[in-house]
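There are 2 protein chains.
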Amino acid sequence: MTSTLEGMETPALLLDEARMDRNIERMRKQVQRLGVAFRPHVKTSKCIEVARRMMGSWEGPITVSTLLEADYFAGRGVKDILYAVCIAPNKLDHVLALQARGVRMSIILDSVDAAQMVVERLADAPDIGVLIEVDSDGHRSGVKPDSAELLRIGLTLEASGIAVRGVMTHAGSSYDCRSADAIRAMAEQERTAIVLAAERLRAAGIACPVVSLGSTPTGLYAEHLEGVTELRAGVYVFFDLVMAGLGVCAVDDIALSVLATVIGHQREKGWTLLDAGWMAMSRDRGTASQPVDQGYGLVCDLEGRPLRDYILVGANQEHGIMAARPGSGADGLHLPIGTQVRILPNHACSTAAQYGEYHVVAPPLQLKATWQRFSGW
Amino acid sequence: MTSTLEGMETPALLLDEARMDRNIERMRKQVQRLGVAFRPHVKTSKCIEVARRMMGSWEGPITVSTLLEADYFAGRGVKDILYAVCIAPNKLDHVLALQARGVRMSIILDSVDAAQMVVERLADAPDIGVLIEVDSDGHRSGVKPDSAELLRIGLTLEASGIAVRGVMTHAGSSYDCRSADAIRAMAEQERTAIVLAAERLRAAGIACPVVSLGSTPTGLYAEHLEGVTELRAGVYVFFDLVMAGLGVCAVDDIALSVLATVIGHQREKGWTLLDAGWMAMSRDRGTASQPVDQGYGLVCDLEGRPLRDYILVGANQEHGIMAARPGSGADGLHLPIGTQVRILPNHACSTAAQYGEYHVVAPPLQLKATWQRFSGW
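Going down the list, the sequences are from chains A and B.
Each residue of the first sequence is one higher than the last, beginning at 1 in my numbering.
Each residue of the second sequence is one higher than the last, beginning at 1 in my numbering.
Hints listed in this document are in silico derivations from the structure and should not be mistaken for laboratory results.
A portion of the hints provided could be inaccurate.
Chain copies aren't distinguished; within one or between two, either way the pair holds.
[Claimed, not checked] With a cut-off of at most 16 Å between alpha-carbon atoms, the simulated EDC-like pairs for lysine to aspartate or glutamate come out as follows:
id, residue 1, residue 2
1, Lys368, Glu59
2, Lys368, Glu49
3, Lys29, Glu223
4, Lys144, Glu158
5, Lys368, Glu223
6, Lys144, Glu268
7, Lys144, Glu120
8, Lys368, Asp21
9, Lys144, Asp181
10, Lys269, Asp137
11, Lys29, Asp93
12, Lys79, Asp127
13, Lys79, Asp137
14, Lys144, Glu199
15, Lys79, Glu17
16, Lys368, Glu120
17, Lys79, Glu149
18, Lys368, Glu17
19, Lys79, Asp181
20, Lys368, Glu357
21, Lys269, Glu59
22, Lys368, Glu149
23, Lys269, Asp331
24, Lys29, Asp113
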């Protein structure tokens, strides 16, 4: 294995271990302060070495976004898994197989139709946890916390002998906030919604032991989580430019970067061509709607120091076009062919998904390890 | 193996073999009519079963966008490979290793600096083909066909005993055309640029046997390719919504789709939630700048018939939000939880990259085979 970044084939995905550990420690302290359980989301890393540092114990608990993640982590000793996407009939056999392997599985749903489907299929497997997804921000799925449907779902399940394990929500709208105050307000909105849902179920005679919420922004900005039992968050482990643009982290907290190499220039346009295009960065343009648009990524030198005014202004499949940020007035940066740079990603989840491994780096240029990750379903 | 799509776990990538074969046949006839050699680009499929149908012989030639593609296809008998991204010093050892395995490798470059680097490193490996990349449309890399730099690169190489194998260009701007006439004009612009480059090199005493160009739109719309020896194209094998929006194919020619399942609703918003989000579709929004914005993809029924006014209007990592196209006036579509649909992708290259395999389907619902594909570098 190469022991330094210099001369490494590119593009390659780098993980700054010290930054990751610092991010994990920050969340750990916040969870401790909040006094709730923590169920990290492992969809960002899809990597056991990363997930074990996030988990309280090597047996979990964790949150997953796919059943392939559940398979992978179950095969590495995790015993408590929440599949946090509404369940469909064609996934129930898979969930049952995971439960049969000794995993304490939880699934979610947000309608009476789904509850009836689950009742029919899980009658003989009452140990699978069923949570009701609550919509706390109009962002995507979930039932409204003040709706009649919430109670109907709970009663449909309990009438058939399936105890409602709890309620869960994810305030994904927190990614669109524009200030710390707005994130704090969103965190409180997320909390009040999920607590209301739990209280209404309890008033209807449903115990609802788990009250789960979370996203990286709301988790880090929540002032208190009264009435909540469990926090979930994932992207905090690496952070990214979207989170930095939101003010949730500093650019220097971003643990993930793409190592790339200069392959050419179009000097009259001020372009430096890199061998990291949208396949290497992903097509994610999450900062496009933020005050500072980072293009396809913010370019840093090999040691990871941002070349503040240089971003990927465009990308083809395997070509990144590096240039001064429009309006910055910067020019004249000459990086010869063969120069290596590191590019910070807009979105850690989507960029990491383009790679099969993390190259773990220690400053300035040392390669410490290679950690495998997976993609797909 | 499941023999039908029904009940299959989702999301999953489907490949309609009959459509693919029809697309391949269309390009084969066009190449025959044009009277040039054909060097298919395999970056779209990254799959030997697909590539073998595109190639004239199982030994190639092919075009690749990464050296991992070169490794994979070399390991499956391909003997003639053009790596069509400008070469960097940290990739030369890899190219030499491929050549040592018996592959006839070609690389490209577009500057005197790169030519000097190649001269130093390839002095003992003169058999590696070196082509000069020409910029025919201002799209990304390449030297201008009428520039002094073109001749300087050629002379730098030849003075050191490296014969220029040829010139190549890719009119990527053809993806932004808005009419058949505009694509035809772009095809002619691509041809005249590359022929000019070859003629100028020849006038300077450089033989330049290979004159290579291509993209799917210009390849299919070129009226003649006088002076050209080789055409390259890739995405035509599957086509996608961007190509359909461009008029290069019909929606019914798109061979790739994502099988997804209904997991919920937000009825008051007209939303149907699917288990295919941006991880399943990719973040590619290539139709956003076209006359018809297809969101994150056009939804079809399980048999592949478009639900014409229904698209993914939004996407989270594992959630797709299906709704009527804004302005279409459509409403009232009720797809119960568990309903399976197929979603046509904006961009075949980026969507396919999210998967490890193609499920090959024959109409209406039969699963014929599973073909592996790879990603990464």
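Evaluation of the provided hints:
Neither within a single protomer nor between protomers do Lys368 and Glu59 lie at most 16 Å apart by alpha-carbon distance, with minima of 26 Å and 39 Å respectively. In this homomeric assembly, Lys368 and Glu49 come within 16 Å of each other (Cα to Cα) only inside a single copy, at 13 Å, whereas the closest approach across copies is 38 Å. Taking CA atoms no more than 16 Å apart as the test, Lys29 paired with Glu223 passes inside one copy only; the shortest distance there is 13 Å, against 67 Å between copies. For the homomeric pair Lys144 and Glu158, neither the shortest alpha-carbon distance inside one copy (19 Å) nor that between copies (72 Å) is at most 16 Å.
For the identical chains of this complex, Lys368 and Glu223 are neighbours neither inside a copy (37 Å) nor across copies (55 Å), given an alpha-carbon limit of 16 Å. In this homomeric assembly, Lys144 and Glu268 come within 16 Å of each other (Cα to Cα) only across copies, at 11 Å, whereas the closest approach inside a single copy is 56 Å. Proximity of Lys144 and Glu120 under a CA criterion of 16 Å is satisfied in neither setting, with 24 Å inside one chain copy and 67 Å between copies. Taking CA atoms no more than 16 Å apart as the test, Lys368 paired with Asp21 passes inside one copy only; the shortest distance there is 14 Å, against 47 Å between copies.
For the homomeric pair Lys144 and Asp181, neither the shortest alpha-carbon distance inside one copy (24 Å) nor that between copies (52 Å) is at most 16 Å. In this homomeric assembly, Lys269 and Asp137 come within 16 Å of each other (Cα to Cα) only across copies, at 13 Å, whereas the closest approach inside a single copy is 44 Å. For the identical chains of this complex, Lys29 and Asp93 are neighbours neither inside a copy (38 Å) nor across copies (47 Å), given an alpha-carbon limit of 16 Å. Only within a single protomer do Lys79 and Asp127 lie at most 16 Å apart by alpha-carbon distance; the minimum there is 13 Å, versus 56 Å between protomers.
Taking CA atoms no more than 16 Å apart as the test, Lys79 paired with Asp137 passes in neither setting, with 31 Å inside one copy and 56 Å between copies. Taking the shortest alpha-carbon separations for Lys144 and Glu199, only the intra-copy value of 13 Å comes in at or below 16 Å, while the best inter-copy value is 69 Å. Within a single copy, Lys79 and Glu17 get their C-alpha atoms no closer than 26 Å, and across copies no closer than 41 Å, so neither meets the 16 Å cut-off. Within a single copy, Lys368 and Glu120 get their C-alpha atoms no closer than 51 Å, and across copies no closer than 32 Å, so neither meets the 16 Å cut-off.
Proximity of Lys79 to Glu149 under the C-alpha cut-off of 16 Å is found in neither arrangement, the shortest distances being 31 Å within a copy and 63 Å between copies. When the C-alpha separation of Lys368 and Glu17 is checked against a cutoff of 16 Å, the pair qualifies only within one copy, where the shortest distance is 9 Å, while the shortest distance between copies is 45 Å. For the identical chains of this complex, Lys79 and Asp181 are neighbours neither inside a copy (37 Å) nor across copies (61 Å), given an alpha-carbon limit of 16 Å. Taking CA atoms no more than 16 Å apart as the test, Lys368 paired with Glu357 passes inside one copy only; the shortest distance there is 13 Å, against 32 Å between copies.
Taking identical chains as interchangeable, the C-alpha atoms of Lys269 and Glu59 are never at most 16 Å apart, the minima being 54 Å within one chain and 40 Å between chains. In the homo-oligomer, the alpha carbons of Lys368 and Glu149 never lie at most 16 Å apart, since the shortest distance is 52 Å inside one protomer and 42 Å across protomers. In the homo-oligomer, the alpha carbons of Lys269 and Asp331 lie at most 16 Å apart inside one protomer (10 Å), although the nearest pairing across protomers, at 47 Å, exceeds that limit. In this homomeric assembly, Lys29 and Asp113 never come within 16 Å of each other (Cα to Cα): the closest approach is 40 Å inside a single copy and 52 Å across copies.
In the structure shown, a violation is registered for the earlier hints numbered 1, 4, 5, 7, 9, 11, 13, 15, 16, 17, 19, 21, 22, 24, in ascending order.
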